[in-house]
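> Chains as they are written, first to last, in this note's numbering: chain S, 3 to 117; chain P, 801 to 914.
Derived by calculation from the structure, the hints in this document are not laboratory data. All C-beta atoms in this analysis are idealised placements derived from N, C-alpha and C, irrespective of residue type, glycine included. Keep in mind that the hints are not guaranteed to be accurate.
With a straight-line cut-off of 16 Å between C-alpha atoms, the simulated EDC-like cross-links for lysine to aspartate or glutamate are [what the hints assert, rightly or not]: (1) S/K73 / S/D57; (2) P/K809 / P/E875; (3) P/K857 / S/D57; (4) S/K70 / S/D96; (5) P/K809 / S/D3; (6) S/K58 / S/E44; (7) S/K58 / S/D96; (8) S/K73 / S/D96; (9) S/K39 / P/D801.
A few chain S residues that don't get close to chain P, going by computed Cβ distances all over 10 Å [claimed, not checked]: (10) Q16; (11) P46; (12) K58; (13) K70; (14) K73.
Counterexamples of contact, computed for chain P against chain S with all Cβ distances above 12 Å [as the list claims (entries may be wrong)]: (15) L811; (16) T815; (17) R818; (18) Y835; (19) G852; (20) L883; (21) S894; (22) Q907.
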Amino acid sequence: DQQVKQNSPSLSVQEGRISILNCDYTNSMFDYFLWYKKYPAEGPTFLISISSIKDKNEDGRFTVFLNKSAKHLSLHIVPSQPGDSAVYFCAARDYYSGNTGKLIFGQGTTLQVKP
Amino acid sequence: DSGVTQTPKHLITATGQRVTLRCSPRSGDLSVYWYQQSLDQGLQFLIHYYNGEERAKGNILERFSAQQFPDLHSELNLSSLELGDSALYFCASSVDPGRNTEAFFGQGTRLTVV
Numbered sequence: 003d004q005q006v007k008q009n010s011p012s013l014s015v016q017e018g019r020i021s022i023l024n025c026d027y028t029n030s031m032f033d034y035f036l037w038y039k040k041y042p043a044e045g046p047t048f049l050i051s052i053s054s055i056k057d058k059n060e061d062g063r064f065t066v067f068l069n070k071s072a073k074h075l076s077l078h079i080v081p082s083q084p085g086d087s088a089v090y091f092c093a094a095r096d097y098y099s100g101n102t103g104k105l106i107f108g109q110g111t112t113l114q115v116k117p
Numbered sequence: 801d802s803g804v805t806q807t808p809k810h811l812i813t814a815t816g817q818r819v820t821l822r823c824s825p826r827s828g829d830l831s832v833y834w835y836q837q838s839l840d841q842g843l844q845f846l847i848h849y850y851n852g853e854e855r856a857k858g859n860i861l862e863r864f865s866a867q868q869f870p871d872l873h874s875e876l877n878l879s880s881l882e883l884g885d886s887a888l889y890f891c892a893s894s895v896d897p898g899r900n901t902e903a904f905f906g907q908g909t910r911l912t913v914v
């Protein structure tokens, strides 16, 4: 049972345009959501997060939107840069089911930003 | 540099063998998490330790076990290895599982079972 899904395995955008990465989830108990970026041969690096009580969080070029009624999360990168090319993972936490910060990850979306 | 150290970076071993992966969390972090990533899949949660005690278990095989020591470093033991255990194993640490802060990941150990 995949609780967090990233339905687009890959995305290609032109430099300077907007990249939109999507994520859907099924567990309404998730209380915290995160996006991680991963380069080959490296560990995931935290990008941005959002609490379930908010609907938007912005950090520089990165904005995360949360639509709880639709159980949908999206990451907007604008403007996109070639250095943003990486695999992006959406992750969710259900802290109150066991007092754990374990994260449930989506399968990842490979973003390619073309110069 | 995330501050989380994993050793070794690469490990090649034969089927049936046992290996130990080591993780040193960021200074001050009490939680250690282990994740497995197989063949371009997402990261699968294995186990969570908080201040020396097991806090949560995921789909961790019985052949796998972990512990967290008093100095807070953690080890993941994989035994009776099978070809399908070949994967990237990541350790992550965080200060407090309930606080809305991110977990920091190590660079991972790439395990190849031949």
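> Mind listing which of the numbered hints don't hold for this structure, in increasing order?
When the structure is compared with the hints, numbers 3, 5, 6, 7, 11, 18, 21, 22 turn out to be violated.
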